[in-house]
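Peer 1: Throw the hints in and build the complete structure from the sequences for me.
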Amino acid sequence: MKLEFHIEHAGPDAVLIRFGDQINTDLVPIIRAATKRLQKEFQEEIRGLVPSYTTLMLCYDPRKNDFPSIQDKIQQHLANLNISPTEMGNLVEIPVWYHPEVGPDLQHVAEYHQISIDDVIQRHSETIYQIFAIGFAPGFAYMGNVSDQLATPRLTTPRPHVAAGSVAIADQQTAVYPISTPGGWNILGRTTMKMFDRHSPKLCPVRPGDRVKFVSVSKAEFLLAGGQLE
Amino acid sequence: MTQPGLKVLKPGILTLVQDLGRFAYQHIGLSPGGAADEHAFLWANRLLNNRSNSPALEICFGGLQLEVLANTTIAITGAEMNATLNNQPIDNWQTHTLMVGDKLSFAHASSGIRSYLAIQDGFELQPSFGSVATVMREKIGGIDGYGNPLKADDFLPCSQHKPKLTTHVPPLFIPDYQRSLILSVIPNEQTDQFDEAELEKLYHWTYRISTQSDRMGIRLEGEPIMPNVQGIISEGIPYGTIQLPPDGQPIILLKDRQTMGGYPKVGTLFVLDAFLLAQQQAHTEVRFTQISLEEAQEKLRYFYRFFGV
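These protein sequence lines map, in sequence, to chains U and E. Its first residue numbered -1, the first sequence is counted upward by one per residue in our numbering. Its first residue numbered 343, the second sequence is counted upward by one per residue in our numbering.
In short, the hints are calculated from the structure, not lab data. Among these hints, one or two may not hold up.
What the hints assert, rightly or not - No more than 27 Å apart at the CA atoms, straight line, and that leaves these computed lysine-lysine pairs for DSS-like:
#, chain 1, residue 1, chain 2, residue 2
1, U, Lys34, U, Lys211
2, E, Lys481, U, Lys200
3, U, Lys71, E, Lys641
4, E, Lys481, E, Lys352
5, U, Lys200, U, Lys34
6, E, Lys506, E, Lys349
7, U, Lys192, E, Lys481
8, E, Lys641, U, Lys62
9, U, Lys34, U, Lys192
Peer 2: Following this line, the structure appears as structure tokens:
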């Protein structure tokens, strides 16, 4: 397939490579492959790559490249990019204890859709989600798409404190809060999986392009795996 | 013999270990972080003939007091904090010889808000993810690797050196942080997020720095600039990005910015002007003008070459 993208400057030391203008799961393997390719080709010549939903930001050193030369090089490196099906990434299971004790918005989401809490759990855990991007905080993975039958708008007032490991939804997105932060997403449960572990060689258990399935576990299993109630 | 270094008697309002930041982990969400005012940070290391990335202290607003447990040389630059060595005033923007038993104190910032203290060969601290830059929000980097600011009784290890000749920053290169600021902006290519008339407001009106500003970003208050859209699909945000949330009050993203953002953007503040902005107190007024991408790159290349970054 012919790869289409547009390169725009983002200040004197960065460019945004734009692959589309709509959130689309088809872009995920393309941006994943482009990130991998540019990292391999540029190596130390660039200062960082930030893949997102529709864009890939590339940070560069203006002493090594000006805007026209970085554009040319990106065009060359992406000219014959192969998007193989393996770029769909790994399937990662995330265990979740869904319960009002750790999921304070289960009831609200159930009421919003006029369904039971069990239905909420069923709908959240039956979908296989794509990881579109990692950002906002270390290991915070933006996943989608939450089905229309579950999608719920953000809280009108964000909570000052969301516990680490909280599994939450906002409109058609879902995520796990890697660290305790303020946050306005609807919290459905909690996981023991560390989305950012500074002591693990991988640091993050998932990458953009990976797929995620949430698996409902009992309180006993949650606690056994080291789950914290606060 | 015990490890030479500096012992913290009083940490001041906010004192952080910084270097030029960590760049290789933005794809998993780690903020680049780093010295808020690279100009002053780089001069401090240059005066000592250090590597440009050597760990130094960023003293915000003042109040730091240190007990000296090493014979070495330091450089202080950036905000004027009327520093004293054994209660004798010492000059900013130059090196000073320290002896074991000395007491080094910083009063409150009278011009600028961030002062830098570099030490010969840098403080000897373990980097986290390739950098000692302190990002408090992420609990990464800094004196302990967990993003903490300095506290009383902290110890900053360094090496010992014979006294050397004093070096100064030439007066021509010392910025006046109280001079009124006209900040240069590289306009964005994506112009469909704003109407022309809204965009022009940025260059026409004066904006005031809000008290809700920190190392992550500077919030401005003034004539609102209303975007055509409430939000955009989240994408990577470079240093100096000027974003407009739905209330139309600009936010300029600095070193501790999040890696991705979803607000419309009018352009990118020129890097060197963003360093000056990071030295301004709340309520200061600023104005904006435009700079071309080519001119901005030319100036930035000169800056990096000068400091050997």
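Peer 1: Taking the hints in turn, state whether each one holds.
Peer 2: Hints and how they fare:
1. Lys34/U x Lys211/U: holds (24 Å)
2. Lys481/E x Lys200/U: The hint holds at about 18 Å.
3. Lys71/U x Lys641/E: holds (23 Å)
4. Lys481/E x Lys352/E: OK: Lys481/E and Lys352/E at ~22 Å, within 27 Å.
5. Lys200/U x Lys34/U: holds (16 Å)
6. Lys506/E x Lys349/E: Judged against 27 Å, a Cα distance of about 22 Å means the pair holds.
7. Lys192/U x Lys481/E: Holds. Lys192/U to Lys481/E sits at ~15 Å (cutoff 27 Å).
8. Lys641/E x Lys62/U: holds (14 Å)
9. Lys34/U x Lys192/U: holds (24 Å)
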